[in-house]
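Novice: Got chain A sorted already, so can you dock chain B with the ligands onto it with the hints?
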Amino acid sequence: MRIARLLAVCWWFQLKQMTKAGLFVFTSIIEPLIFATLAYYLFKAGHRPGTLLYAALSAGLMGIWTSTLFGSGGAINFQRWQGVLEPLVASPPPYALILFPQTLAAASIGLYSLASTLVWGRVIFGIPLHFVHPVAFAISIVVTIVSLGVLGLVMGASFILYREANALSNMLEFPIWIVTGVIVPLSLLPGWIHPLSWILAPTWGYRAIHNAALGGNPWPGIGIALGLAAVYFVIGQAVVVAFERRARERATLSLV
Amino acid sequence: MAAIEAENLRRTYKQTSGFLRRRTKTIEAVRGIDFAVDEGELFGLLGPNGAGKTTTIKMLVTLLIPTSGTARVLGSDVVDDARTVRRKIGYVFGGDRGAYERLSGLDNLRYFSELYGVPPKVQKQRIPELLELVGLTGRERERVEGYSRGMRQRLHIARGLLHDPPVIVLDEPTIGLDPVGARELRHTIAELARAGKTVLLTTHYMYEADALCDRIAVIAKGEIVATGTPAHLKSAVADRTVIEIEAYGAPEDAIRRLRDAPGVTSVAVEDREHAQLLLVQAPQGSVLTQQLLGHLDGVRVGRVTAREPTLEDAYVSLVTEN
Ligand SMILES: Nc1ncnc2c1ncn2[C@@H]1O[C@H](COP(=O)(O)OP(=O)(O)O)[C@@H](O)[C@H]1O
Ligand SMILES: [Mg+2]
Numbered sequence: 001m002r003i004a005r006l007l008a009v010c011w012w013f014q015l016k017q018m019t020k021a022g023l024f025v026f027t028s029i030i031e032p033l034i035f036a037t038l039a040y041y042l043f044k045a046g047h048r049p050g051t052l053l054y055a056a057l058s059a060g061l062m063g064i065w066t067s068t069l070f071g072s073g074g075a076i077n078f079q080r081w082q083g084v085l086e087p088l089v090a091s092p093p094p095y096a097l098i099l100f101p102q103t104l105a106a107a108s109i110g111l112y113s114l115a116s117t118l119v120w121g122r123v124i125f126g127i128p129l130h131f132v133h134p135v136a137f138a139i140s141i142v143v144t145i146v147s148l149g150v151l152g153l154v155m156g157a158s159f160i161l162y163r164e165a166n167a168l169s170n171m172l173e174f175p176i177w178i179v180t181g182v183i184v185p186l187s188l189l190p191g192w193i194h195p196l197s198w199i200l201a202p203t204w205g206y207r208a209i210h211n212a213a214l215g216g217n218p219w220p221g222i223g224i225a226l227g228l229a230a231v232y233f234v235i236g237q238a239v240v241v242a243f244e245r246r247a248r249e250r251a252t253l254s255l256v
Numbered sequence: 257m258a259a260i261e262a263e264n265l266r267r268t269y270k271q272t273s274g275f276l277r278r279r280t281k282t283i284e285a286v287r288g289i290d291f292a293v294d295e296g297e298l299f300g301l302l303g304p305n306g307a308g309k310t311t312t313i314k315m316l317v318t319l320l321i322p323t324s325g326t327a328r329v330l331g332s333d334v335v336d337d338a339r340t341v342r343r344k345i346g347y348v349f350g351g352d353r354g355a356y357e358r359l360s361g362l363d364n365l366r367y368f369s370e371l372y373g374v375p376p377k378v379q380k381q382r383i384p385e386l387l388e389l390v391g392l393t394g395r396e397r398e399r400v401e402g403y404s405r406g407m408r409q410r411l412h413i414a415r416g417l418l419h420d421p422p423v424i425v426l427d428e429p430t431i432g433l434d435p436v437g438a439r440e441l442r443h444t445i446a447e448l449a450r451a452g453k454t455v456l457l458t459t460h461y462m463y464e465a466d467a468l469c470d471r472i473a474v475i476a477k478g479e480i481v482a483t484g485t486p487a488h489l490k491s492a493v494a495d496r497t498v499i500e501i502e503a504y505g506a507p508e509d510a511i512r513r514l515r516d517a518p519g520v521t522s523v524a525v526e527d528r529e530h531a532q533l534l535l536v537q538a539p540q541g542s543v544l545t546q547q548l549l550g551h552l553d554g555v556r557v558g559r560v561t562a563r564e565p566t567l568e569d570a571y572v573s574l575v576t577e578n
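So the sequences go chain by chain: A and B. What the first sequence shows, in my numbering, is residues 1 to 256, in sequence order. What the second sequence shows, in my numbering, is residues 257 to 578, in sequence order.
Hints are computed from structural coordinates only; laboratory data are not their basis. Here a beta-carbon is modelled for each residue, glycine too, at the ideal position from N, C-alpha and C. Do not take every clue at face value.
[Stated by the list, open to error] Label pairs and their in silico Cβ distance ranges:
1. A/ALA115 - B/ARG339: 36 to 44 Å
2. B/GLY274 - A/PHE174: 34 to 42 Å
3. A/ARG2 - B/ASP294: 27 to 35 Å
4. A/LEU188 - B/SER273: 50 to 58 Å
[To be verified] Cut-off 25 Å, straight-line C-alpha distance, at most; resulting in silico cross-link-like pairs (DSS-like, lysine-lysine):
5. B/LYS270 - A/LYS16
6. B/LYS477 - B/LYS490
7. B/LYS477 - B/LYS270
8. B/LYS281 - B/LYS477
9. A/LYS16 - B/LYS380
Next up, chain A with everything else stripped away, as it sits in the complex (with noise of 0.2 Å):
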C-alpha cells in the first residue's frame, strides 16, 4: 500500500516536471506527427485503406518509445544536473523506487504521441478511430507503457554503470522501431532477428495494441508483455543496486 502509493505520487511528480520542460512538446507532439503524415501518405501509396489506422497506431507507439528511450536513458544524468540525485539516494525508499517512476513517466509522456496521431488522423486523413475490442484496447496501452517504464527502468541504470551502453542509447530509437515490429510487421523481418523481438516486452504490448484494435486475441500478448515487465523490473532493480553501491565508493553522485 505504502509503496503504489509512492509510486503513484512520484509517477505524477515527474509527470508534472517533465511536462515543463520546452522540448517536451517537440518530441512527443510535433515529431509524432511528421511520422504519422509520412506513414499516412506510405501506407495510401499501398492501396490498403483497411492499413492507415495500423499506420495512425505504428507513429504513435513510435513516439512513446522515443520518449522512454530519452527521457530514461538520461534519467540518472538529468537527477545529477539538477543536483537531486544525492537527496534522492539518501531518502529511505531503495532508489529503484524513486527511478522507476521517472522512467514510466517518461514512457506515459508517449500517450501524448498516441493520442495526437491518432487525433490528427482522425482531423486531417479522415481515418476511422473505430476499436474492434476498446476496453482491451485500453489494457493493451497500459501494460504497454508499464513494460517501456520498466524496461527504462533497466536502461537508465544501465547506461550509467556501463559507459559502452550509453554510447548505444542515441543509436536505438530506430532498430528498436524495426525489431518490436512499429513499422512493419514482424513476419516480414528476417528470422535471426524473432528471438530479439520476442523477449522485448513492447513487441508483445504493441501486439496486443493492434489486436485490440485491428481485430485479433489481445490477451495472450498482455500476458506475456506482463511477464516479461515483470522479469525487466528484477533485473533493473539489481542493475540499480549495482549502480547506486559504485556510486557512492567512487563518488559520483554529485557532478563536483
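Specialist: Below, chain B with the ligands without anything else, positioned relative to chain A:
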C-alpha cells in the same frame, strides 16, 4: 549512546588525469578521524575549505562509503544499515542546486515528504509550519528557478526537516546567504537544538561555530586537530600574544623566515586591499617586536600592534600549526 559516532573514519578519492598516459592520483580527503556527538548536542565541525568537512558529512548521510573505519548514527551503521540511518537523519547541504527547478517549492516539499513516508495528514500541517520557519510562506507556489540563492538554501532546510528527524546534519548552511539571512538561519539552528534535536554543523566561519556550538571539532587537512568547547579551544592560546604587522608586498621567503624565527608559534597572512596583515602568534613575553621586524628586512612595514588572542587566533593556530 552517542547520536553520532565516527571511529577512525577515512576516505580517499581516486582521480585519473591525462589522456594518453592515464595517471591515478589518490587524494586523502579524510585521514582517520574520531569524534562523537551526544544526543541533543549542537556540534560544529570547523575547518578551512578542502579540510574534509563535506566528505565526512557525506559518509554520515550514506552518500559516500568510507574507505575504512566506521560511523554510526543513533547506533545504526552508515554502510550496513544505511536505510535506518536515512530515516533518522535530516541532511541539509550548502549551495543553491538540489531542487527540481521547474516545479514550485511546495511541489518539491510534497515530493520529498512522500519519499520520507510522511502521512498526508501530517504533511498538510507540517509543510506550512516549515515554510513559516524558513520564511518562504507566500512564495511556495513559485517555481524554484526564480528563487534567490538564499531562498533555495532555506528550501533545503525545510526539506531536511520534513520527516522531523532526531539528527540533523547541515553542511555550510549559511554559505551564500546575506548577513541578515545568515543570522536568521543561525537563530533557527539554535532553536532546533533547543527543541532537543542533535545537530551537526560544518562551517569555515569560526564566529559561527563559536556563536552556535556546544562543542567544536577543528578539522584541517583531513585530520581533527582539536575538540572541545569554544572556551576550551581558546584556553589553548590564552598564554600567547598576537602581534599584527601590516606589510606591503612581503615575499614568501620573508614570511618563512618569520615563521622559523625563535619563539614564533604561527604566522597567518591575511590579504587586505593594498597590504598584507601578518598575524604572528608567540608565547607572552617570548619575542620582541623589534626582532620580528628584523626578519622582514627590506619589506615596507606599516602599523604594528600587539593584542590578546581571540578564538579566531586559536582556530588559526590549530589549522596552520598542524
Ligand atoms: N569527488 C571528489 N574527487 C576528488 N577529490 C575530491 C572530491 N571531493 C572532494 N575532493 C577533495 O577532497 C578534499 C576534501 O574536500 P571536502 O570534503 O569537500 O572539503 P571541505 O568540505 O572541508 O571544503 C579536498 O582536497 C577536495 O579537493
Ligand atoms: Mg564542503
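Novice: Does each hint fit the structure? Answer for all of them.
Specialist: Hints versus structure:
no.: 1; hint: A/ALA115 - B/ARG339: 36 to 44 Å; result: holds, 40 Å
no.: 2; hint: B/GLY274 - A/PHE174: 34 to 42 Å; result: holds, 37 Å
no.: 3; hint: A/ARG2 - B/ASP294: 27 to 35 Å; result: holds, 33 Å
no.: 4; hint: A/LEU188 - B/SER273: 50 to 58 Å; result: holds, 52 Å
no.: 5; hint: B/LYS270 - A/LYS16; result: violated, 38 Å
no.: 6; hint: B/LYS477 - B/LYS490; result: holds, 21 Å
no.: 7; hint: B/LYS477 - B/LYS270; result: holds, 17 Å
no.: 8; hint: B/LYS281 - B/LYS477; result: holds, 17 Å
no.: 9; hint: A/LYS16 - B/LYS380; result: holds, 20 Å
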